[in-house]
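Student: Protein chains in written order, with UniProt numbering: chain A, 1 to 228; chain B, 1 to 225.
Keep in mind the hints are simulated off the structure, nothing from the lab. Predicted model, so just to flag it, every value in this text is computed and none were measured. Possibly wrong hints are sitting among the right ones.
Derived list of chain B stretches under chain A, where covered just means 3 residues or more per stretch with a C-beta under 8 angstroms from a C-beta of chain A [stated by the list, open to error]:
#, region
1, 63 to 71
2, 74 to 82
Beyond 12 angstroms from chain B on every Cβ pair, some chain A residues (computed) [claimed, not checked]:
#, residue
3, D75
4, R91
5, R95
6, D102
7, K141
8, R142
9, F180
For each residue, glycine too, the CB sits at the ideal point set by N, CA and C.
Residue strings, one per chain:
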Amino acid sequence: MGETVKVIGAFDSPFSHRAEVALRLKGVPYELLLEDLGNKSDLLLKHNPIHKKVPVLLHGDRTIPESLVIVEYVDEAFQGPPLLPADPFDRATARFWARFLDDKCSTPFWLSLWTEGEVQQGFMKEIKGNLKLLEGQLKGKRFFGGDTIGLVDIAASGFAHWLPLFEEVAGVTLATPEEFPDLCRWGKDYTSHDTVKQCLPDRATLLARFTAKKDMFVSTVKSMAPKS
Amino acid sequence: MAGEKKGLQLLDFWVSPFGQRCRIALDEKALPYEYLEQDLGNKSELLLRSNPVHKKIPVLLHDGRPVCESLIIVQYIDEAFSSSSGKPPLLPSDPYARAQARFWADYVDKKVYDCGTRLWKTKGEPQQQARKEMVEILKTLEGALGDKPYFGGDEFGFVDVAFVPFTAWFLTYERYGEISVDKECPRLAAWAKRCGERESVNKNLSPPEKVYEFIGTLKKKFGIE
Numbered sequence: 001m002g003e004t005v006k007v008i009g010a011f012d013s014p015f016s017h018r019a020e021v022a023l024r025l026k027g028v029p030y031e032l033l034l035e036d037l038g039n040k041s042d043l044l045l046k047h048n049p050i051h052k053k054v055p056v057l058l059h060g061d062r063t064i065p066e067s068l069v070i071v072e073y074v075d076e077a078f079q080g081p082p083l084l085p086a087d088p089f090d091r092a093t094a095r096f097w098a099r100f101l102d103d104k105c106s107t108p109f110w111l112s113l114w115t116e117g118e119v120q121q122g123f124m125k126e127i128k129g130n131l132k133l134l135e136g137q138l139k140g141k142r143f144f145g146g147d148t149i150g151l152v153d154i155a156a157s158g159f160a161h162w163l164p165l166f167e168e169v170a171g172v173t174l175a176t177p178e179e180f181p182d183l184c185r186w187g188k189d190y191t192s193h194d195t196v197k198q199c200l201p202d203r204a205t206l207l208a209r210f211t212a213k214k215d216m217f218v219s220t221v222k223s224m225a226p227k228s
Numbered sequence: 001m002a003g004e005k006k007g008l009q010l011l012d013f014w015v016s017p018f019g020q021r022c023r024i025a026l027d028e029k030a031l032p033y034e035y036l037e038q039d040l041g042n043k044s045e046l047l048l049r050s051n052p053v054h055k056k057i058p059v060l061l062h063d064g065r066p067v068c069e070s071l072i073i074v075q076y077i078d079e080a081f082s083s084s085s086g087k088p089p090l091l092p093s094d095p096y097a098r099a100q101a102r103f104w105a106d107y108v109d110k111k112v113y114d115c116g117t118r119l120w121k122t123k124g125e126p127q128q129q130a131r132k133e134m135v136e137i138l139k140t141l142e143g144a145l146g147d148k149p150y151f152g153g154d155e156f157g158f159v160d161v162a163f164v165p166f167t168a169w170f171l172t173y174e175r176y177g178e179i180s181v182d183k184e185c186p187r188l189a190a191w192a193k194r195c196g197e198r199e200s201v202n203k204n205l206s207p208p209e210k211v212y213e214f215i216g217t218l219k220k221k222f223g224i225e
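From just these sequences and the hints, can you work out the full model?
Tutor: Listed below in structure tokens is the structure:
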């Protein structure tokens, strides 16, 4: 395939990472166009007018938004090791857990970091329960995908690299190795994987950025969370 | 194994547009299945065992193995029975066309049901907001349809299956939201009518008046005026 591949992404976005890691696992070279999400470019707004979010994959004249849609597209459009299993039932299972991560984990995770008191306890209980369900899917495997990284690993990558960072910034502990031995081990295996490492944003820079934005996160969440 | 029975079973609830997606897909593929109506106020052991994570319908059981989440079920039906059914696939074969189909099905999931619920659940300013949003959502979907007979192009496909059950809810949206789909989105209304002529759709969608009645009952149950 001679067509150019570009990713419109953002430095700190785990969703953006999903698009990049999928391409790298397939050995597809691409150009990364970094957005300032506080000041979205015309390019982003043109290519994702519906959601106005990153990542967006540009492949020749094709535009694909939504990170999980991008990962499946990359799996189907390019040669290389498969990111989804071949068996239809296993594919359905992988898609189920990828959706679970987005639909059930993102929001309580975010809210458990920046709220306080009983409200925070509620969200922490929710996210821990969901992380436990997720951990159950590892069942002694190295990755959710088995021996190699697959859709669910990519979907869960936020919990591998970003979770510990946010815990540090917020001063909150959500996933200890004692409580989540398999998930924590998986997180280390994922983030130290040779291909994954190439597109993980630098830890120190992320930490500094999130620390600087902490007050903003707290005040935004105050307007979202239910009153206790 | 969640259940031991061979073949296909669908755990569902009569008025659920999500369940109807699965029924339509099964019929499009001419796949025989056992329909098992669920009491959502008193969930069965089979449902709780088959979908322990969400405890929701629809759930497709294939030789006892559960598949959950309606769009995942539809893709599973398409992939597991692609050669045996002899019917055209619901998802196209081209990766980009597939990505576009997944994007729009995801859009329907993210936007339609939620906004529709706010239309009948709220009053005053929130309802006005929901009304504006619903018109925008429907116009966006109409834009995606374009001049094509179906979202899938010439063939009824994945996005059509994903969205068509909600056409039975247009009457409810129209009455609570004071929106006219015919007026605001004539091409979408024409598409709804065209889909309604298909046996799989005609057989499985709830009559719009029944949906409206059902919402009326729900409102009374939740004490919403």
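Student: It remains to establish, for every hint, whether it holds in the given structure.
Tutor: To see whether the hints hold, each was checked on the structure:
1. 63 to 71: holds (count 4)
2. 74 to 82: holds (count 4)
3. D75: violated (8 angstroms)
4. R91: Its Cβ does come within 12 angstroms of chain B, the nearest being 7 angstroms, so this is violated.
5. R95: For R95/A, whose nearest Cβ neighbour in chain B is about 5 angstroms away, the distance does not exceed 12 angstroms, so it is violated.
6. D102: violated (10 angstroms)
7. K141: holds (19 angstroms)
8. R142: At roughly 23 angstroms from the nearest Cβ of chain B, R142/A sits farther out than 12 angstroms, so the non-interface label holds.
9. F180: F180/A clear of chain B: closest Cβ-Cβ about 17 angstroms, beyond 12 angstroms.
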